[in-house]
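Next come the chains, spelled out residue by residue.
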Amino acid sequence: MIEGIFIGLSTALSLTNILMVMVGCFAGTIIGMLPGLGPMTAIALMIPITYGFDPSTGLILMAGVYYGAVFGGSTSSILLNAPGIPGTVATAFDGYPMAQQGKAGKALAIAAYSSFAGGTISAIFLLVAAPSLSKVSLAFRSPDYFALMILGLTAISAFSSKGQFLKAMMMVVLGLMLATVGQDSLSDITRFTFNNMNLTDGISFVLIVMATFAMSEALTIIFRGKDPNRAAKQISLTELGSIKVNKEETIKMAKTIPRSSILGFLIGVLPGAGATIASFLAYGMERNYVNEEEKQKFGKGSVHGLSAPETANNAACSGSFVPLLTLGIPGSGTTAVMLGALLGFGIQPGPRLYQTNPEIFWSVIMSMYIGMVVLLILNLPLIPYIARILAVPRNYLIPLILFFSVTGIYLMSFNNFDIFLMIGIAVVATFLRLYDFPMPPLILAFVLGGLMEETLRRSLLISDGSPNFLWDRPITLIILIITVVIVFWQIFSTFRKKT
Amino acid sequence: MRISPTKFISLLFLVLSVFYLYTAYNIQVFAFDENAPFNARTFPIYLGWAGIILSSLKIILPEKVAIEVNHKHLDYKSIIYLIIISLIYAAVILKIGYFISTSLFLFASYYFLGERRWGLMFILSFPFVAAFMYLLHGLLNIYLRDPFLKYIGVMG
Chain A
1 MIEGIFIGLS TALSLTNILM VMVGCFAGTI IGMLPGLGPM TAIALMIPIT
51 YGFDPSTGLI LMAGVYYGAV FGGSTSSILL NAPGIPGTVA TAFDGYPMAQ
101 QGKAGKALAI AAYSSFAGGT ISAIFLLVAA PSLSKVSLAF RSPDYFALMI
151 LGLTAISAFS SKGQFLKAMM MVVLGLMLAT VGQDSLSDIT RFTFNNMNLT
201 DGISFVLIVM ATFAMSEALT IIFRGKDPNR AAKQISLTEL GSIKVNKEET
251 IKMAKTIPRS SILGFLIGVL PGAGATIASF LAYGMERNYV NEEEKQKFGK
301 GSVHGLSAPE TANNAACSGS FVPLLTLGIP GSGTTAVMLG ALLGFGIQPG
351 PRLYQTNPEI FWSVIMSMYI GMVVLLILNL PLIPYIARIL AVPRNYLIPL
401 ILFFSVTGIY LMSFNNFDIF LMIGIAVVAT FLRLYDFPMP PLILAFVLGG
451 LMEETLRRSL LISDGSPNFL WDRPITLIIL IITVVIVFWQ IFSTFRKKT
Chain B
500 MRISPTKFIS LLFLVLSVFY LYTAYNIQVF AFDENAPFNA RTFPIYLGWA
550 GIILSSLKII LPEKVAIEVN HKHLDYKSII YLIIISLIYA AVILKIGYFI
600 STSLFLFASY YFLGERRWGL MFILSFPFVA AFMYLLHGLL NIYLRDPFLK
650 YIGVMG
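Here the protein sequences come in this chain order: A and B.
Just so it is clear: in the first sequence, position 71 is 71 by our numbering, and no numbers are missing.
Every number in our numbering is 499 more than the matching position in the second sequence, counting from 1.
Bound conformation, chain B alone:
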């Protein structure tokens, strides 16, 4: 039996709702709040049941229009590269600072999306980020944490 992607997503949502409801029933509330008309559990419990009912209906009821996605037209390679670069960016931003990590992220993203004009890639990464940081930190006085720039004395 082949299950449609929409029904499969609904099934995942059903599992999520059951887990959410189970967690909602296990929320620790104060003893005096246990039998109150409303406590920290009430709203999540309603939501859990709502999720179970809606996803069950979606699974049970016949699909009016099945949504077909042609997977040959999907560019899995580029999106995986981009997600990996983003994850590395998120992992190093605190350690090496905003300026270097953001500039390298932009440069690498341009490269993986097929850009090869090195000069333009450089301008739209390092000087661009520097100008953006100046706008935020220098002009708008919005603090941007950057241990590297602090270390070399560029930022206070």
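Looking at chain A on its own, in the form it has when it is part of the complex:
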């Protein structure tokens, strides 16, 4: 292994490759901040450029773009409450309130440090445990995935509902209902389209996230413009704050980062689970670990609440390389694009990659780490400038958020039906937010809807329609027991508060 690390380092640390990482991180950050353009698009945009380089250099450029785009996505989540990718939705829960309190610089710095730490720890895991973890990921079957998704949705409902569990669960069901619009993945039968051709492909994630987060946030700011409490909050938006993280906050991060890294990495290893589930579960887990006083700060700008999903999503990014490099199975959409790029270079990832192309295997792992170092060095000094977005007066910021939302949708579909649909969903979401119906459970449910139906389909087909699959396998049973415990804990805590 040591020899491999040296091979990787010697490749990754050449002048050309360091330059590529820097260019990749910078370009990735810019692209990641743009609406609707996540890491997947960023990497896809780089593929034609990388074919001019040798495979290692091309992959190093893509690794830089990948991490840059994830950080860029976090930036727009924190500053504008507009997560461009599902993996950074949980970042907005506490990052955006922190920015609203005039601590935008600090929120971005915490995100940068947490991402770096999460990436570093998981890169070490990747080095040590990649081959053996691939076997663990193969042990997960459809019923286990289905149970894992039920757990993820229950956990996010419990933790983001502020004591209103039923409302959060209703949002989960609404998110899953929206995910069923369009063609059924197996039979191609159209469902809930009402003969509208524009709905045949379903509703896009970017549309839902832009409508429920960015656009409805902008509308809410205008809607509550006369509220004296809200107006006071808006004044603090012009304060950027320091990027320095104090001792108390560092201690909080130091507690959160190790456990979120481990969770993020392990979830990332599971094919299909990825950064989204990892960040939501890490957020929920963190809320369970902290004391009562800290628990109350969740959703209002908690350091733990920001650090946990940021650490976990980066750790999951590294984790998702395990099935890609060791099994040739992409664990996420982004790694699927990278798989395409690898095949373009004539490299077949899989169990034999380690033997046939060790320089590729190790240089990808090492370049991921170097990418994170470069990202930290590049982006920390830029934070005060990036955070100035918040100093833009409300009269300009709101139209610009609407403009970015509409552009994101227009770029994807070039039809105005999607824009009308986005405006409609945003108006409904604005009213739902007014009465404390949480949006994060809806988003997660929408993201997981397709996969959840697919795993339920496989599970039911294998068990011939019997519900036995829920308790036949120990992993499924354990996950479902944890889910039931969370539900009963919510009911118990509701009754306890009443009495």
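Please keep in mind that the hints were generated in silico from the structure rather than gathered at the bench.
Treat the hints with care, as some may be off.
[What the hints assert, rightly or not] Think about it this way: if two alpha-carbon atoms lie no more than 16 Å apart in a straight line, the pair counts; the simulated EDC-like pairs of lysine to aspartate or glutamate are:
#1 LYS255/A - GLU294/A
#2 LYS563/B - ASP436/A
#3 LYS297/A - GLU248/A
#4 LYS297/A - GLU249/A
#5 LYS506/B - ASP436/A
#6 LYS252/A - GLU293/A
For clarity, every value in this text was computed on a predicted model and none was experimentally measured.
On the provided structure of chain A, position chain B as indicated by the hints.
Okay, now just chain B, sitting in the frame of chain A:
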């Protein structure tokens, strides 16, 4: 009898769930799939029932904390203007192209939100959109459909 807004929203959700369930039962599946353990109807049917059960519980169970919203503090006028401008923007974007429609949308939004610094409003609409389009179309090579700019020969 006064119904709280939360219960009213739950009631609407109940109606939506009933409609969803009715539509789910009417999804056309292949004849050989009709009695399969899982077909295109199965998951939506589960969801429809889940929606009915959850919304019914929310309506039946007493509310722990009633959420009060002071409607006097809500700026209905500005939000209605903004939604109307957005709808007009969505309606014309394909016909007159991205550049003009987006620039006009931004300019009108600044105006309706109370901005009157004409110079700044202009810079943050027309030149801003042009620069953004250059970034996407010129530098990142992302196609942006704009019949007007194509007509005057600015875009290929």
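Requested in this report: Check each numbered hint against the structure and report the violated ones by number, ascending.
Outcome: none
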